[in-house]
Structure formats: C-alpha cells, structure tokens
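K.L.:
Please work from the sequences and hints to get the whole structure.
What follows is each chain in one-letter form.
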Amino acid sequence: QQQVKQSPQSLIVQKGGISIINCAYENTAFDYFPWYQQFPGKGPALLIAIRPDVSEKKEGRFTISFNKSAKQFSLHIMDSQPGDSATYFCAARWGGKLIFGQGTELSVKP
Amino acid sequence: GAGVSQSPSNKVTEKGKDVELRCDPISGHTALYWYRQSLGQGLEFLIYFQGNSAPDKSGLPSDRFSAERTGGSVSTLTIQRTQQEDSAVYLCASTTGGGGDTEAFFGQGTRLTVV
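Chains as they are written, first to last, in the numbering used here: chain A, 32 to 141; chain B, 176 to 290.
What the hints contain is simulated information worked out from the structure, not anything from laboratory work.
None of these values were measured; they are calculated from a predicted model.
Each hint should be verified, as a subset may be incorrect.
[What the hints assert, rightly or not] Subject to a maximum C-alpha distance of 30 Å in a straight line, what follows is the list of computed DSSO-like cross-link-like pairs (lysine-lysine):
{"id": "1", "chain 1": "B", "residue 1": "Lys232", "chain 2": "A", "residue 2": "Lys73"}
{"id": "2", "chain 1": "A", "residue 1": "Lys73", "chain 2": "A", "residue 2": "Lys46"}
{"id": "3", "chain 1": "B", "residue 1": "Lys232", "chain 2": "B", "residue 2": "Lys192"}
{"id": "4", "chain 1": "A", "residue 1": "Lys36", "chain 2": "A", "residue 2": "Lys128"}
{"id": "5", "chain 1": "A", "residue 1": "Lys140", "chain 2": "A", "residue 2": "Lys88"}
{"id": "6", "chain 1": "B", "residue 1": "Lys190", "chain 2": "B", "residue 2": "Lys232"}
{"id": "7", "chain 1": "A", "residue 1": "Lys73", "chain 2": "B", "residue 2": "Lys190"}
{"id": "8", "chain 1": "A", "residue 1": "Lys73", "chain 2": "B", "residue 2": "Lys192"}
{"id": "9", "chain 1": "A", "residue 1": "Lys102", "chain 2": "B", "residue 2": "Lys186"}
{"id": "10", "chain 1": "B", "residue 1": "Lys190", "chain 2": "A", "residue 2": "Lys99"}
{"id": "11", "chain 1": "A", "residue 1": "Lys46", "chain 2": "A", "residue 2": "Lys89"}
{"id": "12", "chain 1": "A", "residue 1": "Lys73", "chain 2": "A", "residue 2": "Lys88"}
{"id": "13", "chain 1": "A", "residue 1": "Lys89", "chain 2": "A", "residue 2": "Lys102"}
{"id": "14", "chain 1": "A", "residue 1": "Lys36", "chain 2": "B", "residue 2": "Lys192"}
{"id": "15", "chain 1": "A", "residue 1": "Lys128", "chain 2": "A", "residue 2": "Lys73"}
{"id": "16", "chain 1": "A", "residue 1": "Lys140", "chain 2": "A", "residue 2": "Lys36"}
{"id": "17", "chain 1": "A", "residue 1": "Lys128", "chain 2": "B", "residue 2": "Lys232"}
{"id": "18", "chain 1": "A", "residue 1": "Lys73", "chain 2": "A", "residue 2": "Lys36"}
{"id": "19", "chain 1": "A", "residue 1": "Lys89", "chain 2": "B", "residue 2": "Lys190"}
{"id": "20", "chain 1": "A", "residue 1": "Lys88", "chain 2": "B", "residue 2": "Lys192"}
{"id": "21", "chain 1": "A", "residue 1": "Lys128", "chain 2": "A", "residue 2": "Lys99"}
{"id": "22", "chain 1": "B", "residue 1": "Lys232", "chain 2": "B", "residue 2": "Lys186"}
{"id": "23", "chain 1": "A", "residue 1": "Lys36", "chain 2": "A", "residue 2": "Lys88"}
{"id": "24", "chain 1": "A", "residue 1": "Lys89", "chain 2": "A", "residue 2": "Lys99"}
{"id": "25", "chain 1": "A", "residue 1": "Lys73", "chain 2": "A", "residue 2": "Lys140"}
{"id": "26", "chain 1": "A", "residue 1": "Lys128", "chain 2": "A", "residue 2": "Lys140"}
{"id": "27", "chain 1": "A", "residue 1": "Lys46", "chain 2": "A", "residue 2": "Lys128"}
P.N.:
So this is what it looks like as structure tokens:
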C-alpha cells in the first residue's frame, strides 16, 4: 500500500492554540516523511521533515511526532497564528517516489 | 533559473483537444515529479523521473496521459483528447535525487480548464 491517509480534512483553530494534523501509512519501506505547506495560488513548500528512526523533531513552533510501531505521524503547530492559515500536506517517500496525503486546510482565527 | 518553472500558468482548452504542459526543473536536479491537484483535493502522484532510469508511470490515470523528460532536464506532460475531469492544477517538482533528506521544490503549477 503506497497511500498516506491524512486527517482532518479541515481544521479551525483560535489564534494561540495548537493545531494538530495526523497521518497514517501502511508501507514500512517509506524512509522519509516531510510536511509541506501550501498557500493559495502557490506550489507547496517544505515545512519540516523526519526520518523513521527519530520519534520527534521540532523546528520553532512546528513539531513532528512519529510513531513507527503505529505507522502514524503528526504535525503540531504551537501558538498558531493567522499567517499559518494554509493547506498542509504530509508525505512519505519510497524508492525516491514521494506520495502525499489528501491535505488539511487550516484556518487560524484571530 | 532560481526555481522550478512551469508554463503556461493557465490553459483553457476545448474538450477533445490535446494539451502540453511544460516544466523546467532547477538546474542539476536529477529527480522530477508531476502531480495533479483537483479542487479541494490532495496531490495525486502522476509520474516520477530519476536520472536516466525508466520513469515510474504508475500514477498516470489513463493512456491519454504521457510525459517525457528530454536531456534529463525539461519535462513535458501531454494530455490527449482532454476531458472535463482533467481540469485541475498540474504541479511539477524537482529534487537533487538520492536517498538523503532531499527537499522537493515545486513550481506554481499550470491550471488546466477543459470546457
């Protein structure tokens, strides 16, 4: 199975709150798990990424939590800001091929 | 160039016509991907090129879709006999390839509308 399942499809968070987006996969051959952020009219851009031998990676307000045994990983956005409003995609790579989840549209209300 | 360039940025075509979408990857990037993004949908994998290896075409939705990459650089995605369901944004991305933590750089996409 080369699918990556992402949830929720949309998310509304108050400014200052925590945004959490979840992804799950089946293929244990995936070796790299990036998250991409996309603003309207733009192409996606890399936000943060993790390898499966690491359980957590933090960059500023963005944290990836990775649970290898459960084959799940999640993105946490701390102190969410209106400027974080965008669509977020998780992804997984296998043999160079990059597969994306369905995306989560995040709206941060002021 | 500084980034991945796609052309045209917008394309309106009549049902049944053929269209060609172009992608200029970042110079030196050996890996190139095409994705399709329909309204409110995720990034649907179409095809992946890596160096001189045979491309992974497993995501192409039908035989009306084809892609080539000339000289390991520019790529063209061709859709023959376009249908209304082909309307979407087509995104191209390139990476340095290899197994490291390589970032995929995306172009801004071509918005295709089939009328």
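K.L.:
Look at each hint and say if it fits the structure.
P.N.:
Hint check:
In summary, the hint linking B/Lys232 to A/Lys73 is supported, as the alpha carbons are separated by about 25 Å, within the 30 Å threshold. For the hint pairing A/Lys73 with A/Lys46, the CA-to-CA distance comes to about 23 Å; that is within 30 Å, so the pair holds. For a cut-off of 30 Å, the pair hint linking B/Lys232 to B/Lys192 stands: about 22 Å separates their Cα positions. A C-alpha spacing of about 16 Å is found between A/Lys36 and A/Lys128, which places the hinted pair at or below 30 Å, so the restraint holds.
Proximity of A/Lys140 to A/Lys88 is assessed by CA-CA distance (about 26 Å); at most 30 Å being required, the pair is judged to hold. The hinted pair formed by B/Lys190 and B/Lys232 meets the criterion: a straight-line CA distance of about 24 Å does not exceed 30 Å. Our distance criterion of 30 Å between C-alpha atoms is met by A/Lys73 and B/Lys190, whose separation comes to about 26 Å. This hinted pair checks out: A/Lys73 and B/Lys192 have alpha carbons roughly 27 Å apart, not beyond 30 Å.
Taken as a hint, the A/Lys102 and B/Lys186 pair is broken in the structure, with Cα atoms around 40 Å apart against an allowance of 30 Å. Between B/Lys190 and A/Lys99 the alpha-carbon distance is near 46 Å, which puts this suggested pair outside the 30 Å criterion. With a C-alpha separation of about 20 Å, the suggested pairing of A/Lys46 with A/Lys89 holds against the 30 Å cut-off. For a cut-off of 30 Å, the pair hint linking A/Lys73 to A/Lys88 stands: about 26 Å separates their Cα positions.
About 19 Å separates the Cα atoms of A/Lys89 and A/Lys102, which keeps this hinted pair within 30 Å; it holds. Taking the CA atoms of A/Lys36 and B/Lys192, the gap is near 34 Å; set against the 30 Å cutoff, the hint is violated. Taken as a hint, the A/Lys128 and A/Lys73 pair is honoured in the structure, with Cα atoms around 22 Å apart against an allowance of 30 Å. For the hint pairing A/Lys140 with A/Lys36, the CA-to-CA distance comes to about 26 Å; that is within 30 Å, so the pair holds.
For the given pair, A/Lys128 sits about 11 Å from B/Lys232 by alpha-carbon distance, which is consistent with the 30 Å threshold. A threshold of 30 Å between alpha carbons decides the hint, and for A/Lys73 with A/Lys36 the separation of about 23 Å falls inside it, so the pair holds. Pair hint A/Lys89 plus B/Lys190 does not hold up; C-alpha atoms about 48 Å apart against a cutoff of 30 Å. Straight-line distance between C-alpha atoms of A/Lys88 and B/Lys192 comes to about 48 Å, which puts the hinted pair past the 30 Å bound.
The suggested pairing of A/Lys128 with A/Lys99 holds, with an alpha-carbon distance near 20 Å, which does not exceed 30 Å. Under the criterion of a C-alpha separation no larger than 30 Å, the hint pairing B/Lys232 with B/Lys186 is consistent with the structure, at around 23 Å. A C-alpha spacing of about 20 Å is found between A/Lys36 and A/Lys88, which places the hinted pair at or below 30 Å, so the restraint holds. At most 30 Å may separate the alpha-carbon atoms for a hinted pair to count; A/Lys89 and A/Lys99 meet this at roughly 17 Å.
Taking the CA atoms of A/Lys73 and A/Lys140, the gap is about 22 Å. The hint holds against a cut of 30 Å. The straight-line distance between the Cα atoms of A/Lys128 and A/Lys140 is roughly 36 Å, outside the 30 Å bound, and the hint therefore fails. Taking the CA atoms of A/Lys46 and A/Lys128, the gap is near 36 Å; set against the 30 Å cutoff, the hint is violated.
Hint violations for this structure: numbers 9, 10, 14, 19, 20, 26, 27, all remaining hints satisfied.
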